[in-house]
Amino acid sequence: MAALMGCFSGAASPGRAELDKSDFDRLEEALQPDTAERWRQIPWRISLLEGQRAAASEGKPIFIWAMDGHPLGCT
Amino acid sequence: MLDRASTFADPVVVELLTTKFIPVAIDQAYQRRQKDAEGEFYRKIALQGPRHDFEGSTTQGFYAATSSGKFLFYSNHRGPGGEAGLVGELNRALAAAVDSADKGAPIEDGERDQRYNPKPPEGGLVLRVHSKVLHGYDEPKDRVQKIFQEGRGRDNFWITASEHEALAKGALPESLQRRLVRYHFVDNTRGEPPMWERDELRSLSMTLNNGELRGSVSLSTADGKRSFDAEVLGYVESSGGRVTRMDLVVRGLFEGCGEYTKGPPPGKFPFAISFTIADRSDTADAIPPQGSRGWVDGYFE
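Protein sequence lines, in the order shown, are assigned to chains A and B.
Heads up: the first sequence at position 75 corresponds to 80 in this note's numbering, and the numbers run straight through without jumps.
Heads up: the second sequence at position 83 corresponds to 84 in this note's numbering, and the numbers run straight through without jumps.
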């Protein structure tokens, strides 16, 4: 199986090295999120109306973490 | 980024939000504009707070409200919890909610504003994206700077059904390659990053041979103030016409920042990104790509 392709121009820039399997394994591990972070223990919902319905059903107030960019993403 | 490592690192805040509140996390750029029931409910709450220019500026912050939309508090301080901080506000909100005995009827979704409710392509794939500055920062001047320097990016990469089908056959569609690098080879570790314009993609070479994906990419703004030169290595496996594994890592030298990602390491710094198929076990797997914000057709063009 072989395929393709997409080449706009192919010259590699200086200052970067081709990756090998050991780089792959090391980087993949290094980029894993820390699942022990406390904010992850909070049962965030991402639908405000799902939250509203749960709040109505459970008799609890709603807390909204509203950001520019998604708070569970890049901000 | 800052909230995660400060406000929401307070165990009392975590306990209160987990047991006494219904916690919701949103990108308010959607809800403050949505022409549907969710948008109306958000604006009803925000209108009672200090930020309610829904067209012109952000309404970001922390809000608490009853299920009927009765406003309990707004805060935009970005510090630790504590009685003087968010813990105190949460406790006062709880007391006010009990006193008001206010309870709203459940609100159904109704017809959703499609512009602000993009869904992953049916038959496509969602890949989790993680990113990190590997090193190069100066010594942090304070706790806040340290938090930003340790920040990690998180996003989702959406792949269409036709691209998925091609990948499963061992091909690597050009549309996928371009979307991958323009919207996901970005430094999103300190906030919302600028995406790459079409003409900022200087070179791109990617191949998929016998399940091994290799690539070399060069991106740069016209003035050269922001750039990323990177190598890609990945593995793609498929079975029964579906991709069962798509793991990629990207490593290269990044330089510069955007308006909302200031404070990068000086000069060119090592930066890495990883991709893997989202299994929906993380709530964040359902978030639309940052690059699709407000215009999902542009993300897919």
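Quick caveat, the hints were computed from the structure, so don't treat them as lab data.
Warning: the hint list may mix true and false statements.
[Stated by the list, open to error] Chain B regions said to be covered by chain A (calculated; three or more residues, Cβ under 8 angstroms):
| # | stretch |
| --- | --- |
| 1 | 11-25 |
| 2 | 125-136 |
| 3 | 149-155 |
[Stated by the list, open to error] In silico contact screen, one side only, chain B against chain A (beta carbon under 8 angstroms); selected entries:
| # | residue |
| --- | --- |
| 4 | T59 |
| 5 | F63 |
| 6 | E193 |
| 7 | R246 |
Heads up, the beta-carbon is just placed ideally off N, CA and C, and yes, glycines get one too.
Hints and how they fare:
Interface restraint, the stretch 11-25 of chain B with chain A: holds (10 residues with C-beta to C-beta distance below 8 angstroms; minimum three). Under a criterion of three residues with beta carbons nearer than 8 angstroms to beta carbons of chain A, the stated coverage of the stretch 125-136 of chain B is upheld, 4 such residues being counted. Given as covered by chain A, the stretch 149-155 of chain B passes the check, having 3 residues with a CB less than 8 angstroms from a CB of that chain where 3 are the minimum. At a threshold of 8 angstroms, the smallest CB-CB gap from T59/B to chain A is about 5 angstroms, leaving the interface hint in force.
At a threshold of 8 angstroms, the smallest CB-CB gap from F63/B to chain A is about 6 angstroms, leaving the interface hint in force. With a cut of 8 angstroms, the hint placing E193/B at the interface with chain A holds, because the nearest CB-to-CB distance is about 4 angstroms. Hint on R246/B is violated. Least Cβ distance to chain A is approximately 12 angstroms, over the 8 angstroms limit.
Going down the numbered hints, you'll see the structure goes against just number 7.
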